[in-house]
Amino acid sequence: MEQWALRTMALWVAILLVMACSRGSLGPRPLVEAPANSPAKEGRPDSCESDDIIPPVLRFGVTPYLDADILAEHFGPILTYLGKRTGYTFELVPAESYSGLVDDLAADRVDLASLSPLTYVLAQERMPCLQLLLTQVSFGSVSYSGYLVTRADSAIASVEDMRGKRFAYTTAGSASGYLFPQAFLLERGENPEQFFGATVMSGDHLTALKLVLDGKVDAAATFSSFMRPARARKLDVGNLRVLAVTGRIPHDAVVARPGLAPAVAATIKETLAQLNSGSEEGRMVLGGAVEINGWVTTQDSFYDPVRKRMARLREVAP
Amino acid sequence: MSIRVRVLVAGVSMVMLSMLIMAFYIADHEREVYTEEVENRARVLLAALSAPCVSALAQNRIEDLDRIVEEFRARMATTDGVRSVAVLDRQRRVMGHTEKNMYGRLLSDPFVIFASQEETPALQYHEEGNHRVLLVAYPLSTSVEGLPGIRWGTLTAELDLSGESAVLLRFIWRTMKVMLLFALLTALLLYFIAERFFLRPVLKLSSVAESVRGGNLAARADLAGASEVARLGQSFDKMTAELERHTHDLQALVSERTEDLGKANVELLATMEKLRTANTQLERLARTDALTGLPNRRHLMEALPFYFELARRGDRPLSFAMIDVDYFKHYNDTQGHPEGDKVLQELARIFLQRVRQTDIACRYGGEEFAVLFLDTGFREAALVCEALRQKVAYHDFPFGQEQPGGCLSISIGVARLTTDMLEPMDLVARADLALYGAKDKGRNRVVIDPAADIEQGGSKLDE
Numbered sequence: 010m011e012q013w014a015l016r017t018m019a020l021w022v023a024i025l026l027v028m029a030c031s032r033g034s035l036g037p038r039p040l041v042e043a044p045a046n047s048p049a050k051e052g053r054p055d056s057c058e059s060d061d062i063i064p065p066v067l068r069f070g071v072t073p074y075l076d077a078d079i080l081a082e083h084f085g086p087i088l089t090y091l092g093k094r095t096g097y098t099f100e101l102v103p104a105e106s107y108s109g110l111v112d113d114l115a116a117d118r119v120d121l122a123s124l125s126p127l128t129y130v131l132a133q134e135r136m137p138c139l140q141l142l143l144t145q146v147s148f149g150s151v152s153y154s155g156y157l158v159t160r161a162d163s164a165i166a167s168v169e170d171m172r173g174k175r176f177a178y179t180t181a182g183s184a185s186g187y188l189f190p191q192a193f194l195l196e197r198g199e200n201p202e203q204f205f206g207a208t209v210m211s212g213d214h215l216t217a218l219k220l221v222l223d224g225k226v227d228a229a230a231t232f233s234s235f236m237r238p239a240r241a242r243k244l245d246v247g248n249l250r251v252l253a254v255t256g257r258i259p260h261d262a263v264v265a266r267p268g269l270a271p272a273v274a275a276t277i278k279e280t281l282a283q284l285n286s287g288s289e290e291g292r293m294v295l296g297g298a299v300e301i302n303g304w305v306t307t308q309d310s311f312y313d314p315v316r317k318r319m320a321r322l323r324e325v326a327p
Numbered sequence: 007m008s009i010r011v012r013v014l015v016a017g018v019s020m021v022m023l024s025m026l027i028m029a030f031y032i033a034d035h036e037r038e039v040y041t042e043e044v045e046n047r048a049r050v051l052l053a054a055l056s057a058p059c060v061s062a063l064a065q066n067r068i069e070d071l072d073r074i075v076e077e078f079r080a081r082m083a084t085t086d087g088v089r090s091v092a093v094l095d096r097q098r099r100v101m102g103h104t105e106k107n108m109y110g111r112l113l114s115d116p117f118v119i120f121a122s123q124e125e126t127p128a129l130q131y132h133e134e135g136n137h138r139v140l141l142v143a144y145p146l147s148t149s150v151e152g153l154p155g156i157r158w159g160t161l162t163a164e165l166d167l168s169g170e171s172a173v174l175l176r177f178i179w180r181t182m183k184v185m186l187l188f189a190l191l192t193a194l195l196l197y198f199i200a201e202r203f204f205l206r207p208v209l210k211l212s213s214v215a216e217s218v219r220g221g222n223l224a225a226r227a228d229l230a231g232a233s234e235v236a237r238l239g240q241s242f243d244k245m246t247a248e249l250e251r252h253t254h255d256l257q258a259l260v261s262e263r264t265e266d267l268g269k270a271n272v273e274l275l276a277t278m279e280k281l282r283t284a285n286t287q288l289e290r291l292a293r294t295d296a297l298t299g300l301p302n303r304r305h306l307m308e309a310l311p312f313y314f315e316l317a318r319r320g321d322r323p324l325s326f327a328m329i330d331v332d333y334f335k336h337y338n339d340t341q342g343h344p345e346g347d348k349v350l351q352e353l354a355r356i357f358l359q360r361v362r363q364t365d366i367a368c369r370y371g372g373e374e375f376a377v378l379f380l381d382t383g384f385r386e387a388a389l390v391c392e393a394l395r396q397k398v399a400y401h402d403f404p405f406g407q408e409q410p411g412g413c414l415s416i417s418i419g420v421a422r423l424t425t426d427m428l429e430p431m432d433l434v435a436r437a438d439l440a441l442y443g444a445k446d447k448g449r450n451r452v453v454i455d456p457a458a459d460i461e462q463g464g465s466k467l468d469e
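Protein chains in written order, with the working numbering: chain G, 10 to 327; chain R, 7 to 469.
Fair warning: there could be bad hints in the mix.
If the Cβ cut is set under 10 Å, some of the chain G residues that face chain R in the computed set are [as the list claims (entries may be wrong)]: (1) S147; (2) A181; (3) R197; (4) A241.
Which chain R residues stay away from chain G? Per the calculated CB distances, all over 10 Å, these [as the list claims (entries may be wrong)]: (5) H132; (6) L153; (7) L167; (8) R180; (9) E201.
Simulated from the structure, these hints should not be mistaken for lab results.
For glycine and all other residues, C-beta sits at the position ideal for the given N, C-alpha and C.
Work out the full structure: start from the sequences and follow the hints.
Spelled out as structure tokens, the structure:
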């Protein structure tokens, strides 16, 4: 009996040895071992330097797409939640302007920021080492549509009808309010500078819609998810009509300034990625925000539609 | 059944069989295609429906969900058999449903549990009566280009595929119509090819073979071309030509031989006739005495047993006479053998003249003669013998007077068939005894066998 067991064991050992040898010697092997799962650094040069220190206060900058008090109302609970979860201290910094926020990032005056898509692309151009963390989810989506709207009772029925009419952009730093409508016209073979009779820069989307509803302009550029907040602001959005969709625009990007300790950035990224309106707590935290439903992991190429249009515009007007 | 009918039946059967197989194949394939189409459509429909559902879930506008799914169901019920739609949250609780009073219920069937953990659409079929029902689940999530995102919940829908069979049948029939036409055309083409290159030559060959079998060796198939059948026909023609030539040669040879044989036969018949004549002559010669022309002793010995037996059985009289020339040695010695022979020839002539037609006279040997009297008693025989003796005694032989007694004479012994005789030679022996008696008594006389007289009890005919 013992002999039998020994023989079986010996046989097994022999088989295992043969298998091990054949795998080791016969299997095809690459000449140079590929580095195991080196994480692709999205658009970030390898030479980016970062410090290891955790700043005592993490300053969170927000694009001034709404009034500062509204922004504070929205982002306050989010930063409180982040602080509670990560143990870091956060401070909300409403920026003066889109470009101002980029300057702040470049000068390390803010550590984190939620940037509108166009601002993100510009900032990333200026600071290749900018750390893209997440893309915001609104209305359940990671992107929104740029709209050209007119009054429901307007005689304008098509894009062509807008020729020579008065038109309201938002600001030159807005994707849906400026970049996308300009690129849209260029794609149609029109010169945006000559297409309209007159153009104004409304400054923000609310004002632009007011101008349309008040008849001060014939049409305006805005974005799909702005309709609800506009209604909340007592604007008669039902009296607006969408003339054209200028394209799908990625939602705002949450970034960390170049040089912010990657561990800190990663912690914030993970924490924010867990926060969404799918849970009771998430709904409590995000309840006040303008349709922020959460954030998802993203990559730099996601903002290429914006980059592409920017390049198109620069071709025409360098 | 003719080969044409067979080929037709085989062709049609093959077409039917192929069609049947093809129908099964098409049915199978179409079902797959249909299933794939249904699944794709279900995915597309649910993908479209997922956007407002995600939006509503993300914004926690749960109150919108019932309306969204019901609108969808109402629009898709007839076109896609959408029976029910449900929106579940991450915990598989019903957030929106096309049926009433479902809100908040926890769904825990295995498919829902499985689908709620999947990042891709899930499908499952189940049989319901005689049709299939497709369960589709679509993940409600938001993400960037395949990166991990937010899972809001799951969208599920039930699609009733009861219209499937009708659609499949329509699919199959549509395909089959073209196939059928194609198959028929192919069959026709094949039949014409078979007719042109196979059936027609084969039938021609068959009829020619039949004709040849019937004796018409001049029949030819005359098939042109290099196909196997054509080559067979050409070989057959060559063979028939060969056969015809051979038969012709054979007939010529046979008639030649027949003529020869006829000639030979005629010759043979002539030879046989000659042979028969020769044989008859030989036979006659064998039983005839060469000198006298009388039957010889051999003839007598052959005839005697027959008449002896005939007489005994019929209880008829039979008499026999033995005749000897008296002093013939003396005649020979004095006159020479040629003269003796002349005497014998003369005697034979006398005997032939004197005996009756029913009597058989023969030369017994040397100077002895014998006469067999058929159906004749010894008296009558003795009378005949006495007449013979007298004729001889008075006949004028040359040198007769020079014989002792003054003339050439004969002695005769006569015997008759008696009951004590056992064999023919007994009769001869008795006649011989009587002859010796005649010699003893002085020659030139007729002596009757004494036994014959006793038995008869009759008169004595001596001198």
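Okay, the hints, checked on the actual structure:
A cut of 10 Å between beta carbons decides the hint on S147(G): the least distance to chain R is about 8 Å, and the hint holds. With a cut of 10 Å, the hint placing A181(G) at the interface with chain R is violated, because the nearest CB-to-CB distance is about 26 Å. Restraint check, R197(G) versus chain R: the minimum CB separation of about 27 Å is more than 10 Å; hint violated. Look at A241(G): its Cβ only gets to about 13 Å from chain R, farther than 10 Å, so that hint breaks.
Under the 10 Å C-beta cut-off, the non-interface status given to H132(R) relative to chain G holds; the minimum distance is some 30 Å. Non-interface call for L153(R) relative to chain G: violated, since the shortest CB-CB distance, roughly 4 Å, does not exceed 10 Å. Separation of L167(R) from chain G is adequate, the least Cβ-Cβ distance of about 30 Å exceeding the 10 Å criterion. With 10 Å as the threshold on Cβ separation, the claim that R180(R) sits away from chain G holds: the shortest Cβ distance comes to roughly 40 Å.
Every C-beta of chain G lies more than 10 Å from that of E201(R), the closest at about 61 Å, which supports listing it as non-interface.
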